[in-house]
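Undergrad: These protein sequence lines are chains A and B, in that order.
Just so you know, this note's numbering puts 250 at position 250 of the first sequence, and the rest follows in order with no gaps.
Just so you know, this note's numbering puts 301 at position 301 of the second sequence, and the rest follows in order with no gaps.
Simulated from the structure, these hints should not be mistaken for lab results.
Keep in mind the model is a prediction, meaning the values are calculated, not measured.
A couple of the hints might just be wrong.
[Claimed, not checked] Partial selection, computed: residues in chain B whose CB lies under 10 Å from chain A:
no.	residue
1	60
2	77
3	91
4	93
5	283
6	308
[Unchecked claim] Partial list, derived from the structure: chain B residues whose beta carbon lies under 7 Å from chain A:
no.	residue
7	163
8	164
9	168
10	241
11	243
12	256
13	259
14	263
15	284
16	287
17	305
18	306
19	309
Every residue gets a Cβ at the ideal spot worked out from N, C-alpha and C, and that includes glycine.
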Amino acid sequence: MIRFLTFRIGQAILVLWAATIVVFLLFFVGPGPNAVARTFAGRLATPARLAQIKHDLHLDQPIYLQYLHWVGNLLRGNLGYDYYKGQSVDSVVGSALPATASLVIGAAILWIGYGIISGTISAVWPRSFLDRGFTTAALVFYSIPTFVLGLSLIWVFAYKLSPVTQFFPFHGFVAITANPGQWFEYLILPWLTLAMVTAAGYTRLTRTSMLEVLGEDYIRTARSKGMPERRVIAVHGLRAGLTPVVTLAGLDIGTALGGVIITETLFGIPGLGWNIVQAINVQDLPVIMGIAIFAAAFVVVANLVVDILYAVIDPRVRL
Amino acid sequence: MSMIPDLTGGEETESAAAVAVEAREPVPAARKVIQGRSPWQLAWERLRKDRAAVIAAATIAAIVIMALMAPLIAAWIGHGPNQQFIDIGENANGGPVPPSSIFWLGTDSSGRDLFVRIVYGARVSLSVGVLATMISIALGVAFGLAAGYLGGVVDAVIARLIDVMLAVPFLVIAISVAEIWRPSFLLVILIVGLLSFTYPARIVRGQVISLKEKEYVQAARALGARPLRIMFVDLLPNVTAPIIVYASLLIPASIVLEATLSFLAVGIPPPTADWGQMISDASGYYQYGYWWYLLFPSLALVITTLAFNILGDSVRDALDPRGGGVYV
Chain A
1 MIRFLTFRIG QAILVLWAAT IVVFLLFFVG PGPNAVARTF AGRLATPARL
51 AQIKHDLHLD QPIYLQYLHW VGNLLRGNLG YDYYKGQSVD SVVGSALPAT
101 ASLVIGAAIL WIGYGIISGT ISAVWPRSFL DRGFTTAALV FYSIPTFVLG
151 LSLIWVFAYK LSPVTQFFPF HGFVAITANP GQWFEYLILP WLTLAMVTAA
201 GYTRLTRTSM LEVLGEDYIR TARSKGMPER RVIAVHGLRA GLTPVVTLAG
251 LDIGTALGGV IITETLFGIP GLGWNIVQAI NVQDLPVIMG IAIFAAAFVV
301 VANLVVDILY AVIDPRVRL
Chain B
1 MSMIPDLTGG EETESAAAVA VEAREPVPAA RKVIQGRSPW QLAWERLRKD
51 RAAVIAAATI AAIVIMALMA PLIAAWIGHG PNQQFIDIGE NANGGPVPPS
101 SIFWLGTDSS GRDLFVRIVY GARVSLSVGV LATMISIALG VAFGLAAGYL
151 GGVVDAVIAR LIDVMLAVPF LVIAISVAEI WRPSFLLVIL IVGLLSFTYP
201 ARIVRGQVIS LKEKEYVQAA RALGARPLRI MFVDLLPNVT APIIVYASLL
251 IPASIVLEAT LSFLAVGIPP PTADWGQMIS DASGYYQYGY WWYLLFPSLA
301 LVITTLAFNI LGDSVRDALD PRGGGVYV
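Could you put together the complete structure from these sequences and hints?
TA: Quick look at the structure:
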């Protein structure tokens, strides 16, 4: 196990290091030092300020030293300084993370819950009316682009049904600490949007996996010794059938915590995805790079956690 | 074995069989009816019997014909895709006008015929969908074959490369690249194609790892075939089925990604008619009663991706009937 852990953690560090190189090359080396200094400084910077920034960022030094400085800062937890807004990227990320986390965690509860329930029902009664309904719904939601679904939900709930729903908020975000009721209200449509487009894959995966597991010999054994069907499915079926679902959930949540670009943009939620789009629009390099690396770290850590949990559950993985 | 006639049915065996028949006694009539069918023929027959697949294929054919005939349709209606009808295509406030006998699906915010623009938009969606899929499949096959067959260091490097591709938020990279370089048709195809080669690469790699231990590959190696020949001549034909399945599901995904880039204003630049762009424009109008502006481009996009996804699922079921058919 220790050998597996060291190997796997080493791999994760390697991937993260490669990610820093990709991001550095794309945003630092690609545009050249003068362009970088200018984008960092903003359009109104004086030549003296530019020279100062170039010196601060070590842009007057060789490329490998620039990279080392940047990575050194990253290692100390310093994502950079946002010259555009005059604050550290750490505080940009820090203020954006609660919004993204609220969106992702709420939606994840919905999509995992719906996916497991619908997938299990479909697998227990294959080709039934419910199975057809769930699989068709999965196919439809799988085919609808996120922004089309989001706009449709806004149209129906916030505009068409406004006499019933009165004012239905669909743009903006209220922190849970400020007003829990409003926090919930503002997040209903974003949660639904993100959950619906993601749930399709979970329905399909749960259905396939459960169908496979319910055909196994030990399920037949459990049934033949007279165990109630409900218990066969809930205890023996779900435990094995949900392993791939949990894996997928871990990876999806890890990716989503790095920012949900379309849903956040559509509903004006100031999370990581919204911030990065704003930063891209004004070419705010430190924020783009900071959030990109932060998101990459989330994905790598999620992968790592899932792999380690897998190795704990299934010892064959360690070989 | 000797009891069963050769069922492979190639030209040479046919003539050989004919000679054999002449020499021997006449074959009973019942036996002649049996015909050899390749797995591809079997899959094709299963697909033809699948009602959902036929409807989806017909829908896709209709969209393709529509895209090909876009200039003819525009000429027949008499409205160009970028022609602005400031007098009859806009209402008193300069907003879009609803569907009518002149503008079948209404107009957009610039007084252009929405139907003609949707027809032209199909050209962009389909060509990006198909070309980007070709790029990702080509890259995926090359990387997957190399990683699976060569193994060792090559495999490790490619596996880490794919990990990095999956870790770095590439939609972000795509948006920033499109923002830094000027967005163009070619750039969008490249971005969409490069973004999604990792999954076909993984699938091909997995298949190749199990196939490379088979006897026919060992035989090829024993005959002195070089790795490149084994990869492309011996292994590639045997991974075509999963590649076809994946390609048919990758096309709608690429269409959605292209539309998403356009929606985020980093796709194919205006005034080229593009569904994502139209939906993005409509998002500032539909609330004020201009429902057709959002509805019709969205429908075009969803019908296209849905048809491709249904067909892709059916192709998978037809090629691998053991799956039991997720969408019966």
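Undergrad: Can you name, in rising order, the numbers of the hints this structure does not satisfy?
TA: Numbers 1, 2, 3, 4, 10, 11 and 15 - these are the hints that the structure violates, sorted from lowest upward.
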